[in-house]
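K.L.:
Protein chains in written order, with numbering that gives the first Met the number 0: chain A, 0 to 302; chain B, 0 to 518.
Hints are supplied without guarantee of correctness; some may be wrong.
[To be verified] Pulled from the structure, derived: some chain A residues nowhere near chain B, Cβ distances all over 10 Å:
hint, residue
1, L147
2, D193
3, L213
[Claimed, not checked] Computed, partial: chain B to chain A, Cβ under 10 Å:
hint, residue
4, T150
5, M311
6, M465
[Claimed, not checked] Stretch-level coverage of chain A by chain B, calculated; a stretch enters the list once three of its residues show a Cβ under 8 Å from a Cβ in chain B:
hint, stretch
7, 17-24
8, 34-40
9, 105-115
10, 151-164
11, 176-187
12, 203-211
Hint data in this document are derived by calculation from the structure and do not stem from the laboratory.
Small disclaimer: the values here were computed from a predicted structure and weren't measured.
Glycine included, each C-beta is placed from N, C-alpha and C at the ideal position.
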Amino acid sequence: MANENQGAGADEGTYYVPAQSKWPIVATVGLFLTLVGAGMMMNSMSAQTSDATGHYVFFAGSLIMAWMLFGWFGDVIRESRAGLYSAQMDRSFRWGMGWFIFSEVMFFAAFFGTLFFIRFFAVPWLGGEGDKGVSQMLWPGFEAQWPLMTNPDPEAFPGPRELVNPWTLPLINTILLVTSSVTCTKAHHALVADNRSSTKTWLMLTLILGFVFLVVQGYEYYHAYHELGLTLNSGIYGSTFFMLTGFHGAHVTLGAIMLTIMYIRIAKGHFTARNHFGFEAAAWYWHFVDVVWIGLFLFVYIL
Amino acid sequence: MSDHHHGPEKGLMRWVLTTNHKDIGSMYMWFSFAMFLLGGSMAMVIRAELFQPGLQIVEPNFFNQMTTMHGLIMVFGAVMPAFVGLANWMIPMMIGAPDMALPRMNNWSFWILPFAFALMVSTLFMEGGGPNFGWTFYAPLSTDYAPPSTTFFIFAVHMMGVSSIMGAINVIATILNLRAPGMTLMKMPLFVWTWLITAYLLIAVMPVLAGAVTMMLMDIHFGTAFFNAGGGGDPVLFQHVFWFFGHPEVYIMILPAFGIVSAIIPAFSRKPLFGYTSMVYAVASIAFLSFIVWAHHMFTVGIPLVGEIFFMYATMLIAVPTGVKVFNWIATMFRGSLSFETPMLFSVAFVVLFTIGGFSGLMLSIAPADFQYHDTYFVVAHFHYVLVPGAIFAIFAGTYYWLPKWTGHMYDTALSKVHFWMSFIGMNLTFFPMHFVGLAGMPRRIPDYNMQFADFNMISSIGGFMFGVTQLLFLFIVIKCVRGGEKAEAKPWEGAHGLEWMVPSPAPYHTFTTPPDVK
Numbered sequence: 000m001a002n003e004n005q006g007a008g009a010d011e012g013t014y015y016v017p018a019q020s021k022w023p024i025v026a027t028v029g030l031f032l033t034l035v036g037a038g039m040m041m042n043s044m045s046a047q048t049s050d051a052t053g054h055y056v057f058f059a060g061s062l063i064m065a066w067m068l069f070g071w072f073g074d075v076i077r078e079s080r081a082g083l084y085s086a087q088m089d090r091s092f093r094w095g096m097g098w099f100i101f102s103e104v105m106f107f108a109a110f111f112g113t114l115f116f117i118r119f120f121a122v123p124w125l126g127g128e129g130d131k132g133v134s135q136m137l138w139p140g141f142e143a144q145w146p147l148m149t150n151p152d153p154e155a156f157p158g159p160r161e162l163v164n165p166w167t168l169p170l171i172n173t174i175l176l177v178t179s180s181v182t183c184t185k186a187h188h189a190l191v192a193d194n195r196s197s198t199k200t201w202l203m204l205t206l207i208l209g210f211v212f213l214v215v216q217g218y219e220y221y222h223a224y225h226e227l228g229l230t231l232n233s234g235i236y237g238s239t240f241f242m243l244t245g246f247h248g249a250h251v252t253l254g255a256i257m258l259t260i261m262y263i264r265i266a267k268g269h270f271t272a273r274n275h276f277g278f279e280a281a282a283w284y285w286h287f288v289d290v291v292w293i294g295l296f297l298f299v300y301i302l
Numbered sequence: 000m001s002d003h004h005h006g007p008e009k010g011l012m013r014w015v016l017t018t019n020h021k022d023i024g025s026m027y028m029w030f031s032f033a034m035f036l037l038g039g040s041m042a043m044v045i046r047a048e049l050f051q052p053g054l055q056i057v058e059p060n061f062f063n064q065m066t067t068m069h070g071l072i073m074v075f076g077a078v079m080p081a082f083v084g085l086a087n088w089m090i091p092m093m094i095g096a097p098d099m100a101l102p103r104m105n106n107w108s109f110w111i112l113p114f115a116f117a118l119m120v121s122t123l124f125m126e127g128g129g130p131n132f133g134w135t136f137y138a139p140l141s142t143d144y145a146p147p148s149t150t151f152f153i154f155a156v157h158m159m160g161v162s163s164i165m166g167a168i169n170v171i172a173t174i175l176n177l178r179a180p181g182m183t184l185m186k187m188p189l190f191v192w193t194w195l196i197t198a199y200l201l202i203a204v205m206p207v208l209a210g211a212v213t214m215m216l217m218d219i220h221f222g223t224a225f226f227n228a229g230g231g232g233d234p235v236l237f238q239h240v241f242w243f244f245g246h247p248e249v250y251i252m253i254l255p256a257f258g259i260v261s262a263i264i265p266a267f268s269r270k271p272l273f274g275y276t277s278m279v280y281a282v283a284s285i286a287f288l289s290f291i292v293w294a295h296h297m298f299t300v301g302i303p304l305v306g307e308i309f310f311m312y313a314t315m316l317i318a319v320p321t322g323v324k325v326f327n328w329i330a331t332m333f334r335g336s337l338s339f340e341t342p343m344l345f346s347v348a349f350v351v352l353f354t355i356g357g358f359s360g361l362m363l364s365i366a367p368a369d370f371q372y373h374d375t376y377f378v379v380a381h382f383h384y385v386l387v388p389g390a391i392f393a394i395f396a397g398t399y400y401w402l403p404k405w406t407g408h409m410y411d412t413a414l415s416k417v418h419f420w421m422s423f424i425g426m427n428l429t430f431f432p433m434h435f436v437g438l439a440g441m442p443r444r445i446p447d448y449n450m451q452f453a454d455f456n457m458i459s460s461i462g463g464f465m466f467g468v469t470q471l472l473f474l475f476i477v478i479k480c481v482r483g484g485e486k487a488e489a490k491p492w493e494g495a496h497g498l499e500w501m502v503p504s505p506a507p508y509h510t511f512t513t514p515p516d517v518k
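With the sequences and hints as input, model every part of the structure.
P.N.:
Written out as structure tokens, the structure reads:
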């Protein structure tokens with residue numbers, strides 16, 4: 000990696016093609032070890048053995064991933080600050096981030112689709128609707144309802160005793176995330192106006208709101224597990240509830256990490272009023288996570 | 000190293016660290032071929048077991064692992080990477096770009112694949128064996144009744160998804176952003192168009208597959224009930240999610256093939272492609288329709304009548320844009336000055352045999368008839384007719400078409416024709432009899448069968464061995480061509496068109512560092 004920035008400069012009409020890089024292969028090894036470790040951990044958990052090898056593999060993989068993220072993004076930041084990127088490169092990054100977010104939308108779509116299918120087709124059919132009477136043979140007493148409080152096989156899947164009231168913690172979380180989208184946009188406007196201290200204030204506020212959201216979400220999970228009997232094992236309602244909210248929570252975490260990096264970069268004096276795609280990409284992601292939450296609030300909690 | 004016209008680095012690390020689209024394209028192609036041989040050798044095991052009725056060579060459970068792995072490896076390891084390799088090599092050259100838009104991510108997309116497949120193939124050696132539930136991994140076979148190695152299979156699928164999505168994003172950014180001045184969208188070669196649309200399909204459905212395997216993982220290890228009716232879930236839900244991915248996936252494996260054939264047939268007919276615009280719209284229509292036909296894979300699982308009817312007619316609709324394409328290819332050849340070099344042989348075979356696969360698909364789309372065909376060898380015949388002489392013949396055609404450009408040498412044309420005819424005969428011998436045994440009711444994915452199917456199965460096996468061995472000849476032809484041979488001109492086919500033929504053969508390590516002007 001000695002010849003880091005070989006290739007054409009940022010003048011229009013020529014292209015910047017980066018030199019060889021070790022980061023992709025480091026990323027591959029990191030991803031591979033992380034997933035193999037996770038698989039070993041899960042298999043050993045389900046087989047109830049106390050084999051700890053998976054933990055070490057997972058930990059090693061995660062460390063390599065973290066190193067790679069700093070190294071790879073570090074290279075990109077250095078190249079960007081050295082002025083090696085043209086307007087065209089900027090557009091490539093924008094297409095890249097945009098379609099990455101679209102792929103995430105489709106990932107969530109799989110889980111939302113699952114929720115709708117279960118709610119409007121699978122559970123009513125289990126209750127005997129339509130001409131498919133099989134469920135009546137297997138579980139004659141089963142009654143379809145949504146949210147599903149009593150599962151067809153209550154011994155294997157004890158249903159939840161109670162559900163999360165949408166107008167308590169989830170409403171607070173909705174307010175938190177929507178507000179954080181506003182403050183994030185405020186931060187962006189301040190950055191465009193070249194007002195650094197205002198940018199930092201708004202961004203810090205966004206981060207705090209995101210962080211409080213995660214704390215509230217964690218508390219809600221604790222509450223669900225310990226007081227409501229709503230768990231991963233409480234049948235399809237618990238399955239879809241935790242899948243959707245948990246997956247969303249993981250994305251909020253990722254978005255918050257991105258915004259934290261942006262805060263550090265802004266504090267270090269990176270970006271200009273015109274050139275700050277790194278910040279914009281993180282902000283896009285944040286807004287995306289926010290929109291997904293609105294969907295969750297509506298379809299998982301309220302309706 | 001300030002000169003950006005320099006050549007490649009030396010040694011192994013050139014390939015590991017490279018950001019060059021040609022290096023990465025070559026790696027994709029070689030990886031794909033290695034997987035083609037691996038998946039093919041599993042097919043040989045299957046055909047050997049089915050050579051005669053009765054159980055003679057392998058255990059039924061191992062047979063199931065072979066059918067599963069054969070499918071997974073061929074779909075995700077052989078066909079998809081080959082098209083990504085061709086995209087890497089050809090799209091930048093066809094649109095006058097110096098490289099892919101995001102070269103480092105391009106390297107990452109590739110290098111994930113060998114690791115993902117190492118993980119997936121290693122499941123065969125784990126306790127309890129590898130995945131044995133078919134490449135479609137229906138729950139609850141893949142959850143409640145699956146071997147423990149399924150966890151690693153799931154993570155391998157996740158890795159392939161990451162690779163495909165990044166590859167697709169790269170293709171889209173390249174095509175939309177790096178075209179040379181004057182290369183408007185409607186001037187792009189069809190291979191570029193088909194890949195643009197394929198990339199959208201990939202980004203839309205690979206995450207859905209990731210969602211499906213994630214729910215499997217949750218059901219296996221974390222007590223959820225997505226695919227378990229006892230908890231209010233539904234095994235049929237798995238099939239819906241899977242086929243929402245799976246049907247666009249089969250077009251992901253054929254649209255780039257359409258693009259390749261649409262480049263080759265005009266070149267050897269010495270005529271411009273008939274109906275370029277309608278070709279673009281046909282591909283887009285096929286891609287759109289692919290999202291609303293998934294349940295035709297599920298006619299027999301007990302979906303409501305209105306669903307059967309909707310998915311039946313939506314599926315039949317696909318025949319319209321596909322018919323447009325076949326018509327255009329034939330119209331391109333009509334009154335053309337035809338010559339039958341190897342790429343053209345494979346392309347003409349593509350048009351004829353893919354159409355046969357299309358027709359059997361049309362038969363399968365008829366919901367009441369599908370109750371008879373479902374899960375028989377008729378289905379196996381159908382999808383092998385669209386994938387072998389469809390996707391794989393197109394990959395051969397493209398390879399023979401562009402190999403002189405890649406290597407700078409002309410390959411052994413006589414041997415390549417032997418490769419074509421042996422493949423053509425072997426493939427038809429293998430798969431054509433499957434239509435008959437399928438219609439007569441022979442179920443797929445079973446290691447034993449009724450005596451009445453014996454003759455046709457023996458013919459299939461002989462054809463299969465013939466096709467399999469022939470592919471070693473292909474390996475020989477390619478290696479021979481890489482190592483030397485008659486010098487190829489910049490444009491070895493006089494009827495060929497496109498920017499890729501304006502650069503010398505072999506194409507320099509860096510092409511179009513300043514964009515060419517396209518008239």
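K.L.:
Look at each hint and say if it fits the structure.
P.N.:
Hints, verified against the model:
1. L147: Check fails; 5 Å does not lie beyond 10 Å.
2. D193: holds (28 Å)
3. L213: At roughly 20 Å from the nearest Cβ of chain B, A/L213 sits farther out than 10 Å, so the non-interface label holds.
4. T150: holds (4 Å)
5. M311: violated (19 Å)
6. M465: violated (38 Å)
7. 17-24: holds (count 8)
8. 34-40: Three-residue rule met by the stretch 34-40 of chain A, so holds; n is 4.
9. 105-115: holds (count 7)
10. 151-164: That given contact holds, which follows from 4 residues of the stretch 151-164 of chain A lying within Cβ reach (below 8 Å) of chain B.
11. 176-187: Result for this restraint: violated, n = 0.
12. 203-211: The restraint on the stretch 203-211 of chain A is violated, since only 0 of its residues have a Cβ under 8 Å from chain B and three are required.
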